[in-house]
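Visitor: Each chain is listed here by its residues.
There are 2 protein chains.
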Amino acid sequence: MSEPRVRIGLAGCGVVGTGILQLLRDNADTIGARLGAPIEVVGIAVRDPSKVRDPLVPADLLVDDPMTMARHEDVDVVVEVMGGLDPAGAVVRTALEGGKHVVTANKALIAEAGEELLELAEERRVDLYFEAAVAGGIPIIRTLREALASDRIVALSGIVNGTSNYILSRMTSEGLDFGEALAEAQAAGYAEADPTLDINGGDARHKLAILATLAFGARVDVQAIPMEGIDVVSALDIAFAQRFGYVIKPLAIGRPTEDGSLDLRVHPALVPESSVLASIHGALNAVHIRGAMMGPALMSGPGAGALPTAMSVVSDIVDVGRNLLSGAHARVPSRAFRASTLQALPLRKPSEHRGRFYLRFDVHDRMGVLGRIANVLGGFGVSIEQMVQEGGRSAESPHATLVMLTHDALAGDVRGALEEIDRLRHTTGPSRALRIEDD
Amino acid sequence: MSEPRVRIGLAGCGVVGTGILQLLRDNADTIGARLGAPIEVVGIAVRDPSKVRDPLVPADLLVDDPMTMARHEDVDVVVEVMGGLDPAGAVVRTALEGGKHVVTANKALIAEAGEELLELAEERRVDLYFEAAVAGGIPIIRTLREALASDRIVALSGIVNGTSNYILSRMTSEGLDFGEALAEAQAAGYAEADPTLDINGGDARHKLAILATLAFGARVDVQAIPMEGIDVVSALDIAFAQRFGYVIKPLAIGRPTEDGSLDLRVHPALVPESSVLASIHGALNAVHIRGAMMGPALMSGPGAGALPTAMSVVSDIVDVGRNLLSGAHARVPSRAFRASTLQALPLRKPSEHRGRFYLRFDVHDRMGVLGRIANVLGGFGVSIEQMVQEGGRSAESPHATLVMLTHDALAGDVRGALEEIDRLRHTTGPSRALRIEDD
Chain G
0 MSEPRVRIGL AGCGVVGTGI LQLLRDNADT IGARLGAPIE VVGIAVRDPS KVRDPLVPAD
60 LLVDDPMTMA RHEDVDVVVE VMGGLDPAGA VVRTALEGGK HVVTANKALI AEAGEELLEL
120 AEERRVDLYF EAAVAGGIPI IRTLREALAS DRIVALSGIV NGTSNYILSR MTSEGLDFGE
180 ALAEAQAAGY AEADPTLDIN GGDARHKLAI LATLAFGARV DVQAIPMEGI DVVSALDIAF
240 AQRFGYVIKP LAIGRPTEDG SLDLRVHPAL VPESSVLASI HGALNAVHIR GAMMGPALMS
300 GPGAGALPTA MSVVSDIVDV GRNLLSGAHA RVPSRAFRAS TLQALPLRKP SEHRGRFYLR
360 FDVHDRMGVL GRIANVLGGF GVSIEQMVQE GGRSAESPHA TLVMLTHDAL AGDVRGALEE
420 IDRLRHTTGP SRALRIEDD
Chain B
0 MSEPRVRIGL AGCGVVGTGI LQLLRDNADT IGARLGAPIE VVGIAVRDPS KVRDPLVPAD
60 LLVDDPMTMA RHEDVDVVVE VMGGLDPAGA VVRTALEGGK HVVTANKALI AEAGEELLEL
120 AEERRVDLYF EAAVAGGIPI IRTLREALAS DRIVALSGIV NGTSNYILSR MTSEGLDFGE
180 ALAEAQAAGY AEADPTLDIN GGDARHKLAI LATLAFGARV DVQAIPMEGI DVVSALDIAF
240 AQRFGYVIKP LAIGRPTEDG SLDLRVHPAL VPESSVLASI HGALNAVHIR GAMMGPALMS
300 GPGAGALPTA MSVVSDIVDV GRNLLSGAHA RVPSRAFRAS TLQALPLRKP SEHRGRFYLR
360 FDVHDRMGVL GRIANVLGGF GVSIEQMVQE GGRSAESPHA TLVMLTHDAL AGDVRGALEE
420 IDRLRHTTGP SRALRIEDD
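Top line first, the protein sequences correspond to chains G and B. Using numbering that gives the first Met the number 0, the first residue of the first sequence is number 0, and each one after it goes up by one. Using numbering that gives the first Met the number 0, the first residue of the second sequence is number 0, and each one after it goes up by one.
Bear in mind the hints are in silico, worked out from the structure with no lab data behind them. Treat the hints loosely; a few may be bogus.
Stated by the list, open to error - Just so you have them, the derived chain B footprint on chain G, three or more residues with Cβ under 8 Å:
(1) 24-37
(2) 146-159
What the hints assert, rightly or not - Per label pair, the in silico range of CB-to-CB distance:
(3) 153/B <-> 281/G: 18 to 28 Å
(4) 291/B <-> 281/G: 12 to 22 Å
(5) 153/B <-> 124/G: 33 to 43 Å
This one's a predicted model, so the numbers in the text were calculated from it and none came from an experiment. Glycine included, C-beta positions come from ideal geometry on N, C-alpha and C.
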């Protein structure tokens, strides 16, 4: 019999797939020593094998049907880096059904079908690993499944979309407006040609669904998670936030509440400038976790990029390989994801969120405007903790901006107050509300 | 045959041991579900079984000889939380020799004898885990051994002693001087009655030795790592650092250099206030890693405390338990620690360190003093990037303070210059130099 080795089949060979090949080549010695055996690529499925590729990609291993990898008799581990639900889902399903281990970087697939796929993996006694699906190079999945296996997570919050963090960081450091920062992110390769999912929170929502399932054992309907895009944030809001000692960050938040519901949300929010999340600059990601026993912990690192993502994928392959070599498949129970223990917790309604708010009103600078706005807020039970007014007080500047930080208030009440204020004709544009996350 | 379970014997039952018992009780359901079997405590060795203890500690399990646990026929995993080298070392050795798995929180033991113990564990095909030995609740060992298994670490820097971070944090936020902050740390239970090892860097050095071995595959002589205590830092230095946009943090740094040596050091240093290490406040720990493929990553959390440390210990027990239940002992090769692959890299001499420095001179405010100091620095090839002078310029205030930030300079040259300057009779006290870590 030949020397032991771990044989992989790559389904997909875009930037992440090419990164995997680079890493397997450049770090072959380290990986071999740590795994105890070499990793061998036995096949690579791409859409068009005739396309000219990076010299890293061996032409003789290319095939055009990803299903070939799922059924390949020499493949131990199928590495799915195609992305998207179809045909990636079918490839992963077929591989697991055939008793192959799977490593995937596919957040959409895990967020939408993770429960079913992990159940299938457990049934077939094979491993399904997906570290790279959330926060690129940060080992957050492993930490939730293993390092914190003895603890109960009581809250998580994170910056899980690098593009939106890059945009808000550039708006903060350079005073750019949203459009300029977005154009820069696209030029720098951080944002896709169609950046919708990054900006509107859709991408972060997929990742939050995966994290919440692992952290809280909750079955989560991705589409039901409330989200708000970062395009509501203006350069003006960022400047005002700074005056109050805050930085605006794109957050994903998860927390079981006292009434048995789950508070999940994706939105930009003000965080204290001395907080660690405020120091996560540029395209970096970070996840902050609070454990009942451990207390607070944070992990940060690159959330995307070919090499960081490839690093997570290959570390997963090493882990699966260790199981393979020691005969310990399905060593880490998939229970956190399994139907039998997952709870379908109701999501808390956005209007029931209670917390502090940043409010901005653009108003006609007339006597009595502040009093009128304060009255409406007071009528809804929203009380003001701090206020600044800017502009106005002269004929050349008939408009003023009022910015307020509230005490704890119900989001539904804030919304009601703002709708009434926007009907007053004292305002010159729609009022803005952003949440403040002080924890 | 009875249901599978993981049977542990506790060697030691101080604050961490009691924390383990609390965690096993409070999180029994979570742990059982994630491990796939319950954890059962079959014995607890303490120095004096007759002493009255926390009601969590079952009196009927107490024995007075820790060796009993190492030899107990019903114990699968010996959990060593006694601390110190003796008799903890003998207990761990005996347990491993007898084919028992070991989980320990003992940084001194792993730093001094980790290589030998891991070799023994590998030989007997059992597991030796020690997550809690470094940075309490932060899963940094697991991350280095598993999550980054596919990458090559090119640098690490961290805050690995919570007491010294607490002291410098309080000096920074409250303007306390060193003695006041230390007294407060002792009152708050962060510092020992004898805080020497926390303050002089000895504790951080143990942890750095363990991290460097795992990250760089280096065999490290703990006692040879250059260290400098935080007691050289005054409230004045902290205030001046802030004026230049820096915060002073107690760092442990490790990096392979271009000439094949290893740069390891423990000392306070200035870090940019916008950096993530600057945002690690109070008694929190953090480790920053740079991977060749991954780029920068950071993990932070509580570095000490009964429950965070217990959490790491129990997560290790869960991990060992998973190996036990799936028959996969020694699944993660100990190679990173093993004699056959560990390299005895020479440590770089402190004088060969090249970087920027913060310099403070307390001087008589006379004409020509600045010129004289600048000349000496220039003579040693140390060039000044920024300078501020404070005090002086009046009969009531004959003394002045000069603070300078240098361009890159050799530590040996800076030291030579300071020795010459201190002989000039222009200074009223010894000059101070602190490193600046800009990365």
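Visitor: For each hint given before, does the structure comply? Return the numbers of the non-compliant ones in rising order.
Guide: none
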